[in-house]
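Enquirer: Read off the chains here:
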Amino acid sequence: MSVLDKRGAGPGHPLPGQSSDALDDTAPGGTGQGAGRTTRTRQRTGRRGLTLALNAVSVALGIAVWWLLASAGFKLPTPPEVVSRARTLIGDGTLGTDALASLTRVLIGFALGTAVAIPVGFLMGWYGILRGLIEPWIQFFRTIPPLAILPLAVVAMGIDETPKIFVIFLAAFLACVISTFQGVVSVDRTLINAARVLGAKDLTIFARVVVPASTPFILVGMRVGLGSAWATLVAAELIAAQEGLGYRMQNAQLYYDLPTIFVGLISIGILGLLMDRILLLAERRLTRWQERR
Amino acid sequence: MTSKPAKISVQGVTKTFALGREAFTALDDVSIDIADHEFVTVVGPSGCGKSTLMNILAGLETPTSGRALVDGVPVSGPGPERGVIFQQYALFPWLTVRQNVEFGLRTTGVPKQERRARAEHFIELVGLEAFADALPKTLSGGMRQRCAIARAYSVDPSILLMDEPFGALDALTRVKLQEQLLRTWSRDRRTVLFITHDVDEAVFLANRVVVMAARPGRVYDVVEVDPAVVRDEAFRLSPEFAALRNRVWRSVYHQEGRTAALSGSRTDTPS
Ligand SMILES: Nc1ncnc2c1ncn2[C@@H]1O[C@H](COP(=O)(O)OP(=O)(O)O)[C@@H](O)[C@H]1O
Ligand SMILES: [Mg+2]
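One line per chain: the protein sequences are A and B, in this order. Residue numbering for the first sequence follows my numbering, starting at 26 and increasing by one per position. Residue numbering for the second sequence follows my numbering, starting at 54 and increasing by one per position.
For the record, the hints were derived by calculation from the structure and aren't laboratory data. One should not assume that every hint holds.
[What the hints assert, rightly or not] Some, not all, of what chain A presents toward chain B, calculated at C-beta under 8 Å:
(1) T103
(2) P104
(3) T215
(4) L216
(5) N218
(6) A219
(7) R221
(8) A225
(9) T229
(10) A232
(11) E316
[Stated by the list, open to error] One side of the interface only, derived from the structure: several residues of chain B facing chain A at Cβ under 8 Å:
(12) V137
(13) F288
(14) S291
(15) F294
[What the hints assert, rightly or not] Label pairs and their computed distance ranges (CB to CB):
(16) B:G73 to A:L77: 40 to 48 Å
(17) B:F288 to A:L228: 43 to 51 Å
(18) A:F165 to B:T69: 38 to 46 Å
(19) A:R73 to B:L72: 45 to 53 Å
(20) B:G73 to A:G153: 15 to 23 Å
C-beta atoms are modelled at their ideal positions from N, C-alpha and C, and glycine is treated no differently.
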């Protein structure tokens, strides 16, 4: 067992099959045959409706508290101020441009990160030699927050898009590579043996057993990686950005422009949430075969 | 048995595993010959090397010394003539029943149409046609095991190696599957090596019961069952069955006391 294995199971890396999300109770509990199915579906829909209602109430309450605090003299913009600022920023195209710039960076960094992480994770899990060669570097970079790489990245890569995307790439890569690796090493030996006695050779075993068996781990890694990507974004946009949600907020900070900061925060939250939901949907679709407790 | 060449021949197989700095002897000089069309059960306490023996025959492990032959050829890896049914079903959870059954047909390059037809046939044989497109997680233990059996049958092996296949099932399901297995066996007469820890099961199914002992894993006793016997409920409830069961039971559960009397040439070395 290496440090890698233990770390991956930490709170930052929910294991596949476990609920990593408060809304996960709507996960398919199995497409059971027979009479039980309709009741279960109805119950599930009922529970889901209740959850949605509670979510809505919670959001409304949160806004009410915010409003109260703002009117009570705290240094906060009121909700209507933020809404009107959002209108302005949408109207003059600023918000659209910023969101697009940020989203592009996150998507490119995240896509590159996972695209590299998945094969590297597979290779590490499959070949002991490669694991020995790669693992120390991953361990090393894991201990450095991606933001701490930023100065180096700027000096080495200049101040255009490259260093920004690089740090996002790094964050996504590290989260996803460990998860993929874990997925590969935890594939049930019996399944590999079952494939072997049915005549499968290494390549077939890899494609038809190891890859599907690791999918839940990879998807969890991608979700964690996406979170890291967004977390790194704002800081990445510290580097002489011309646009982007993070840049807009830092700019607003100079002028004590709280409504704009709020619009930025809320936009990042909504975009991050949307992307996470898309991944969650993919995860549910691709791992429907998993037994859930 | 000596007149016919053995279908499976285990010759002086010893298997040791490295356990820390020591070597652990899982199998110690095990020899078993199984004739074509024979149904042999292996029974013994947990840890006596039953699974290790099966893995060696399946080609998943290699003996430390000695040889394992199938059709006179040393085993050097898994082969399509040996179908394996694992203790924990080992179904691919992301594949449906049909896709699980087709797995071996795909790896051996059976064309799609024939694959379909053959999978269909074996799914029907085990009575899972209503669940052909269900995922394993929606199946009961007995259904999963039937799917595993259909998957092993699909590539038409002449030998079935079964490792405690019914171990996790309730008594009723177990009896049903035993009878189903015997029905199929009396039709096709594949050579079967059936591992179990259940004495009743070992006696009911076998032409021959091999009793193993642990520490080190070795053959302890061999009990022959009259080949003329019809394996039905009457047999299960008969005095002959009871006598056989008592014999095997004592062999399994009172090994220490009878070691000297039974082992003959071999003396039991304390481990
Ligand atoms: N890969 C292995 N490494 C080390 N010890 C093993 C390994 N496989 C089996 N053993 C040991 O060998 C003994 C026999 O195991 P096994 O064949 O699984 O027994 P059984 O199936 O009869 O319960 C056990 O004590 C087990 O711990
Ligand atoms: Mg076993």
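Enquirer: Now, for every hint given, state plainly whether the structure supports it.
Expert: Evaluation of the provided hints:
1. T103: 51 Å, violated
2. P104: Violated: closest Cβ of chain B sits about 46 Å from P104 (chain A), beyond 8 Å.
3. T215: With Cβ-Cβ at 4 Å, under 8 Å, it holds.
4. L216: This hint holds: L216 (chain A) lies near chain B, its Cβ roughly 6 Å from the closest one there, short of 8 Å.
5. N218: 5 Å, holds
6. A219: 4 Å, holds
7. R221: 5 Å, holds
8. A225: Holds, about 5 Å.
9. T229: Holds. Min distance 6 Å.
10. A232: Hint on A232 (chain A): violated, closest Cβ of chain B at ~11 Å, above 8 Å.
11. E316: 5 Å, holds
12. V137: It holds, given that the least Cβ distance between V137 (chain B) and chain A is near 4 Å, below 8 Å.
13. F288: 32 Å, violated
14. S291: Cβ of S291 (chain B) sits 37 Å from chain A, so the hint is violated.
15. F294: 33 Å, violated
16. B:G73 to A:L77: 40 to 48 Å: Distance hint for G73 (chain B), L77 (chain A) is violated at roughly 56 Å.
17. B:F288 to A:L228: 43 to 51 Å: 48 Å, holds
18. A:F165 to B:T69: 38 to 46 Å: Given range 38 to 46 Å: holds, Cβ gap about 39 Å.
19. A:R73 to B:L72: 45 to 53 Å: Taking Cβ atoms as reference, R73 (chain A) and L72 (chain B) lie about 52 Å apart, which means the hint holds.
20. B:G73 to A:G153: 15 to 23 Å: The hinted range 15 to 23 Å holds for G73 (chain B) and G153 (chain A), with Cβ atoms some 20 Å apart.
The structure is inconsistent with the numbered hints 1, 2, 10, 13, 14, 15, 16, although it conforms to all the rest.
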